[in-house]
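Engineer: Residue numbers (my numbering), protein chains in the order written: chain H, 1 to 358; chain Z, 1 to 358; chain C, 1 to 358; chain W, 1 to 358.
Bear in mind the hints are in silico, worked out from the structure with no lab data behind them.
Just so you know, even glycine gets a beta-carbon here, dropped at the ideal spot from N, CA and C.
Each hint should be verified, as a subset may be incorrect.
[Said to hold, decoys possible] Derived BS3-like pairs (lysine-lysine); straight-line CA-CA distance at most 27 Å:
hint: 1; chain 1: W; residue 1: Lys261; chain 2: W; residue 2: Lys46
hint: 2; chain 1: H; residue 1: Lys46; chain 2: W; residue 2: Lys46
hint: 3; chain 1: H; residue 1: Lys191; chain 2: H; residue 2: Lys46
hint: 4; chain 1: H; residue 1: Lys166; chain 2: H; residue 2: Lys107
hint: 5; chain 1: W; residue 1: Lys261; chain 2: C; residue 2: Lys261
hint: 6; chain 1: Z; residue 1: Lys52; chain 2: H; residue 2: Lys261
hint: 7; chain 1: Z; residue 1: Lys52; chain 2: C; residue 2: Lys191
hint: 8; chain 1: W; residue 1: Lys261; chain 2: C; residue 2: Lys166
hint: 9; chain 1: H; residue 1: Lys93; chain 2: H; residue 2: Lys166
[Claimed, not checked] Partial pick of chain C residues on the chain Z-facing surface, computed with a CB cut under 7 Å:
hint: 10; residue: Asn137
hint: 11; residue: Arg138
hint: 12; residue: Gln143
hint: 13; residue: Ala190
hint: 14; residue: Asn194
hint: 15; residue: Cys197
hint: 16; residue: Asn200
hint: 17; residue: Tyr206
hint: 18; residue: Ser210
The residues making up each chain are set out below.
Protein chains: 4
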Amino acid sequence: MKKIKAGIIGATGYAGHEVARLLYNHPSAEVIWYGSRSYVDQSYSKIYGNMKSFADDSCRDDDIVALAKEADVIFTATPQGYLAGILTEEILKECKVVDLSADYRLKDVKVYESWYKIEHKSPQFLAEAVYGLAEVNREAVKQARLVANPGCYTTCSILTLYPLVKEHLIDPDTIIVDAKSGTSGAGRGAKVDNLFCEVNENFKAYGVASHRHTPEIEEQLGYAWGDEEARRIPGGKPLTINFTPHLLPINRGILATCYAKLADNVTAADITAAYEKYYAEEPFIRFLGEGACPQTRWVEGSNLLDIGFVQDPRTNRVIAMGALDNMVKGAAGQAVQNMNLMFGLPETEGLLFPPMFP
Amino acid sequence: MKKIKAGIIGATGYAGHEVARLLYNHPSAEVIWYGSRSYVDQSYSKIYGNMKSFADDSCRDDDIVALAKEADVIFTATPQGYLAGILTEEILKECKVVDLSADYRLKDVKVYESWYKIEHKSPQFLAEAVYGLAEVNREAVKQARLVANPGCYTTCSILTLYPLVKEHLIDPDTIIVDAKSGTSGAGRGAKVDNLFCEVNENFKAYGVASHRHTPEIEEQLGYAWGDEEARRIPGGKPLTINFTPHLLPINRGILATCYAKLADNVTAADITAAYEKYYAEEPFIRFLGEGACPQTRWVEGSNLLDIGFVQDPRTNRVIAMGALDNMVKGAAGQAVQNMNLMFGLPETEGLLFPPMFP
Amino acid sequence: MKKIKAGIIGATGYAGHEVARLLYNHPSAEVIWYGSRSYVDQSYSKIYGNMKSFADDSCRDDDIVALAKEADVIFTATPQGYLAGILTEEILKECKVVDLSADYRLKDVKVYESWYKIEHKSPQFLAEAVYGLAEVNREAVKQARLVANPGCYTTCSILTLYPLVKEHLIDPDTIIVDAKSGTSGAGRGAKVDNLFCEVNENFKAYGVASHRHTPEIEEQLGYAWGDEEARRIPGGKPLTINFTPHLLPINRGILATCYAKLADNVTAADITAAYEKYYAEEPFIRFLGEGACPQTRWVEGSNLLDIGFVQDPRTNRVIAMGALDNMVKGAAGQAVQNMNLMFGLPETEGLLFPPMFP
Amino acid sequence: MKKIKAGIIGATGYAGHEVARLLYNHPSAEVIWYGSRSYVDQSYSKIYGNMKSFADDSCRDDDIVALAKEADVIFTATPQGYLAGILTEEILKECKVVDLSADYRLKDVKVYESWYKIEHKSPQFLAEAVYGLAEVNREAVKQARLVANPGCYTTCSILTLYPLVKEHLIDPDTIIVDAKSGTSGAGRGAKVDNLFCEVNENFKAYGVASHRHTPEIEEQLGYAWGDEEARRIPGGKPLTINFTPHLLPINRGILATCYAKLADNVTAADITAAYEKYYAEEPFIRFLGEGACPQTRWVEGSNLLDIGFVQDPRTNRVIAMGALDNMVKGAAGQAVQNMNLMFGLPETEGLLFPPMFP
């Protein structure tokens with residue numbers, strides 16, 4: 001069988017590189033274009049020494065129109081607004097696109113522009129774009145030309161809370177997500193704040209009550225609670241949460257600790273049943289059960305999401321916890337999972353291997 | 001002036017060692033007894049190589065009765081239940097005691113026994129013991145013979161929330177504390193879970209809804225809300241919180257991210273005013289203001305607590321954040337601060353120096 | 001084709017676990033026995049949470065005789081002396097053995113006993129055992145029943161120096177290996193010295209002039225210099241080196257910085273030619289060339305060894321540097337590489353994937 | 001007594017900040033000028049959050065002429081060539097200067113220009129400048145107007161080897177220094193190579209056979225071997241070494257592992273005697289004795305240098321190891337030590353406190 005030809009725009013960022021790394025071992029796909037703005041004509045393996053002997057190709061520019069003619073699928077791991085500024089119907093007729101940026105994640109262009117502080121240049125594709133969370137939107141992803149690959153924090157937060165919201169086991173007005181991410185999520189840009197000596201032996205919150213992943217979580221949990229039109233919770237309000245990201249001095253990994261008041265008479269067994277209802281068959285979700293605390297080390301390097309929860313009878317709250325690798329299930333692995341679905345391949349192809357430890 | 005003679009029971013644990021380190025540079029105190037169960041007669045600087053040439057004394061046993069005759073103050077950095085099992089009126093007549101364990105922190109012996117799963121052997125001292133949070137109980141500490149030095153998580157959580165609770169700016173039934181601690185808080189015991197390769201590049205929650213620092217925070221915030229007798233919040237219930245500790249792959253530092261619903265019409269200015277009312281004169285609290293996110297690196301090695309907050313108008317919650325060094329303000333530094341007060345010394349003596357960075 | 005049935009004795013140590021993890025994705029082998037002394041009957045994935053859904057088998061005991069009847073190959077990741085104490089001709093008639101301990105690495109039983117301070121219980125297998133460094137002993141490994149899998153430091157040190165010694169480009173009496181290893185090399189035993197807070201933010205040498213990997217490097221470089229009998233360098237002495245290991249606060253990775261005086265008139269081009277002569281076709285060695293400094297991050301998680309060198313005209317020394325992942329090429333990956341050879345499989349099967357970064 | 005007025009040029013780099021931090025607690029000095037090129041008029045404690053409430057002054061520019069009129073001493077923690085380009089006799093008449101850059105460390109301007117690749121703009125001060133290694137040049141430092149504060153690697157390497165070279169216990173033609181440094185040594189510049197994800201979980205050598213600290217070590221050890229004029233070792237050559245720096249994923253700390261052939265009949269007792277001869281009275285050197293391996297954790301945050309050694313009878317080499325904190329004894333602490341000497345203060349003033357652990 002002919003391999004799927006994949007191009008990566010933004011291949012020299014951490015997420016773009018992870019797509020390249022994962023595709024190297026994918027039996028049905030190959031990377032034909034390592035797109036880069038900064039490193040054109042340089043050997044890819046000079047920039048990522050791990051890829052030496054695996055990907056010694058020269059980086060090419062980020063000419064998506066030319067790429068679309070050569071490729072079957074394009075992964076865009078680019079800054080916010082980039083893809084929205086250049087995407088055309090012509091490109092989408094040539095090949096499929098999996099966008100790792102946030103450009104097509106939010107259906108409401110006003111919400112996008114308000115949180116991202118940039119104008120959206122191609123809102124005409126918003127309706128078509130499929131939010132690429134296979135565990136929720138599997139069938140739609142299969143049909144998609146354009147997939148909006150979810151954010152790292154959002155993947156973790158949404159999937160950890162999804163069954164509880166969907167089954168109305170919690171009060172949707174009480175959701176708090178306290179999330180912590182490894183530093184690869186901050187990208188490879190040269191900033192003082194991300195220097196080793198600034199991050200190492202440190203811990204901090206950032207973007208409190210203002211992080212851009214907030215409306216993405218709210219929109220998706222809103223769909224889970226109600227319907228696509230309304231997304232209204234009791235009282236007629238939209239679902240609104242507190243989301244607090246923190247920076248962890250580790251390379252990879254996100255843990256989301258999620259709090260919510262339980263609805264009346266909800267038991268731990270109800271919660272377990274909800275997780276099993278939605279996730280028992282999911283190949284990339286491991287529900288660890290009541291009382292279990294997921295750890296980032298147990299998912300590192302894999303496309304897995306681990307979930308556990310504690311029900312606190314003293315406060316009638318549930319504390320639901322999810323852990324994933326932000327570079328894999330939170331970005332590149334999920335993008336490949338979406339590619340698999342879009343091309344009719346087994347969803348787990350090239351993605352089912354145990355996490356690396358230690 | 002004659003120096004205060006200090007003995008340390010449990011001097012070879014991390015907290016006991018930190019007391020020794022801090023006292024080395026204290027102008028008015030000196031360590032005369034490095035008590036240890038495991039290393040009797042071994043040189044203290046063999047166990048803590050940093051102390052070579054500073055404290056080459058041999059470790060002595062943990063005979064508190066003998067020590068009480070020699071010392072002016074005893075610091076006990078011992079396992080839960082240890083001090084409660086051996087403390088006598090005789091000892092307290094001989095010298096003052098600062099207990100870094102939890103034995104005298106909770107006034108209600110039943111609460112202690114229920115969370116710690118051990119019998120309390122000397123409840124007769126509970127009434128006398130002063131909870132050693134100088135920022136709240138300064139005058140009582142000055143008079144105390146026996147100080148219960150607060151826990152690390154609890155110091156951070158209580159002080160971060162205290163002005164908000166005291167001024168009734170938040171709904172006390174909605175408090176959630178999501179806390180993260182460096183690994184020195186887990187002690188120096190040889191456990192697989194605390195090995196480098198298990199902690200490094202990992203992040204996890206633990207003790208969810210069951211950590212022993214929970215009732216300590218609840219009791220103190222209850223006092224802040226109401227009165228010592230009742231500690232009842234609206235509805236007649238006791239103040240109850242969710243407290244979730246997490247393990248950080250750093251040596252030192254705690255960050256507590258605290259959530260609560262704001263009372264009606266509370267503004268950011270009200271919150272700022274409350275913090276300034278209680279902390280403007282506090283030598284060890286730096287209120288960083290609205291919008292500021294404290295970071296553990298900015299307090300490392302110091303007795304400082306940094307506090308900042310964000311008011312979220314979308315959810316009407318406040319996110320209050322506190323950062324301290326668990327070994328200093330969360331343990332040994334606070335113990336020395338209490339010693340200073342108990343002996344009529346300037347409260348900041350030996351403790352006022354900038355944090356070390358990087 | 002029927003899969004090779006593999007048993008692991010010591011499967012709950014880091015190295016044994018890495019064998020299990022690598023074999024999970026090996027197309028021609030499967031693990032049928034997770035042997036453990038401490039965790040018999042416990043689920044393997046309780047001990048290694050990453051393996052959940054991949055290896056939920058219960059741990060079995062370490063009965064190698066029973067295992068030999070079921071397995072085609074046994075990997076022993078056991079303490080020194082263990083395999084030597086139980087290995088029999090009967091076992092070797094039943095199945096092949098790859099020993100990750102040092103029991104059969106040194107041909108001279110006296111050298112073994114002098115460095116390891118234990119009696120060797122089965123010296124009769126020493127002659128037969130093949131030192132499993134495929135890049136040097138490939139043909140012998142293919143024929144072997146019993147392979148002594150090289151040590152982590154030794155693999156890195158020997159292969160980095162091998163072409164230089166073999167081609168007599170350096171003075172063998174001037175070799176110094178200054179090596180640094182990640183902490184996974186210290187194993188999963190609960191020791192204070194390996195606690196997070198003791199290793200993190202620290203660096204130290206240990207085992208200076210006394211580490212057990214020293215005679216292993218000396219023996220193999222001796223063969224490279226001369227012949228198997230003599231191993232004599234000019235002057236009639238045996239080849240003797242200085243080997244200094246250090247502990248790195250990282251999970252995985254070894255860097256060996258090797259120094260030696262160059263023979264007269266040796267140029268950088270000569271050195272490059274020697275590396276290319278021996279390694280140009282090696283699938284797991286990437287020779288990075290003159291002036292290149294290998295980094296552990298570029299090999300992490302892979303079976304690769306990266307080599308670079310600098311020739312210093314000021315001192316007429318060469319500084320040759322090698323980097324590998326101690327858990328893979330330094331232990332489990334090399335063991336699987338040896339298994340592949342012993343069973344007539346392609347040498348790279350299940351082992352050729354890019355290192356993980358970051 | 002009036003406090004010494006100190007100005008810092010380059011106060012917003014790591015080394016300049018460490019000078020500020022150490023001087024805060026110095027009883028006889030105070031910082032009156034936080035000079036910065038990038039942050040003029042910004043609050044110093046905005047840039048270094050740890051200094052909040054300790055140093056909230058605004059940063060001033062780097063006008064050294066103006067500063068010289070106000071200050072008693074100037075610390076320059078500036079890029080190579082900066083001070084050499086602006087230093088004048090006028091400035092030196094106004095105040096003393098401790099230069100943390102390399103501008104006046106090497107007596108031979110050609111050596112400087114060859115290793116640093118820049119022209120030296122004020123060679124007229126080279127003769128006057130005193131190499132500020134108090135343990136070797138104490139009396140000269142006391143008289144100096146201009147002190148060249150030694151480099152971090154060089155302080156560690158020179159002091160570790162000094163007694164062995166001075167006493168001719170080793171062959172000076174066989175010296176190899178394999179050194180490892182924490183990342184704070186790389187400064188606070190925003191470079192991809194120093195990002196958290198690039199340094200964390202990594203280890204590498206760099207600047208092999210070309211690092212600029214090499215000639216500094218060679219010059220000083222040359223003086224130790226012979227005399228200031230000649231610096232010739234047997235054979236009439238200058239003393240030449242191999243120096244290999246490596247980057248450690250820790251914030252602070254340098255370990256230098258030094259190798260050399262022992263002269264005939266030198267015993268471990270001779271080596272111990274040499275260290276004791278030179279260092280027994282040194283307040284900042286802790287000689288740990290034969291067989292001891294210094295660790296960076298035991299000196300972190302302090303002005304101490306720990307030294308240990310192993311004599312290897314198999315190879316007749318000594319392995320001498322030194323550990324210090326690159327920010328303190330390797331930079332700012334040593335600068336303050338020099339200031340103390342230059343102003344007739346006790347050498348240890350403000351610098352004698354135990355290292356911080358963990």
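Engineer: Each hint: holds or not?
Structural biologist: Right, here's what the structure says about each hint:
| no. | hint | in the structure |
| --- | --- | --- |
| 1 | W:Lys261 / W:Lys46 | 51 Å, violated |
| 2 | H:Lys46 / W:Lys46 | 37 Å, violated |
| 3 | H:Lys191 / H:Lys46 | 21 Å, holds |
| 4 | H:Lys166 / H:Lys107 | 20 Å, holds |
| 5 | W:Lys261 / C:Lys261 | 13 Å, holds |
| 6 | Z:Lys52 / H:Lys261 | 53 Å, violated |
| 7 | Z:Lys52 / C:Lys191 | 22 Å, holds |
| 8 | W:Lys261 / C:Lys166 | 24 Å, holds |
| 9 | H:Lys93 / H:Lys166 | 35 Å, violated |
| 10 | Asn137 | 31 Å, violated |
| 11 | Arg138 | 32 Å, violated |
| 12 | Gln143 | 36 Å, violated |
| 13 | Ala190 | 4 Å, holds |
| 14 | Asn194 | 5 Å, holds |
| 15 | Cys197 | 5 Å, holds |
| 16 | Asn200 | 6 Å, holds |
| 17 | Tyr206 | 14 Å, violated |
| 18 | Ser210 | 20 Å, violated |
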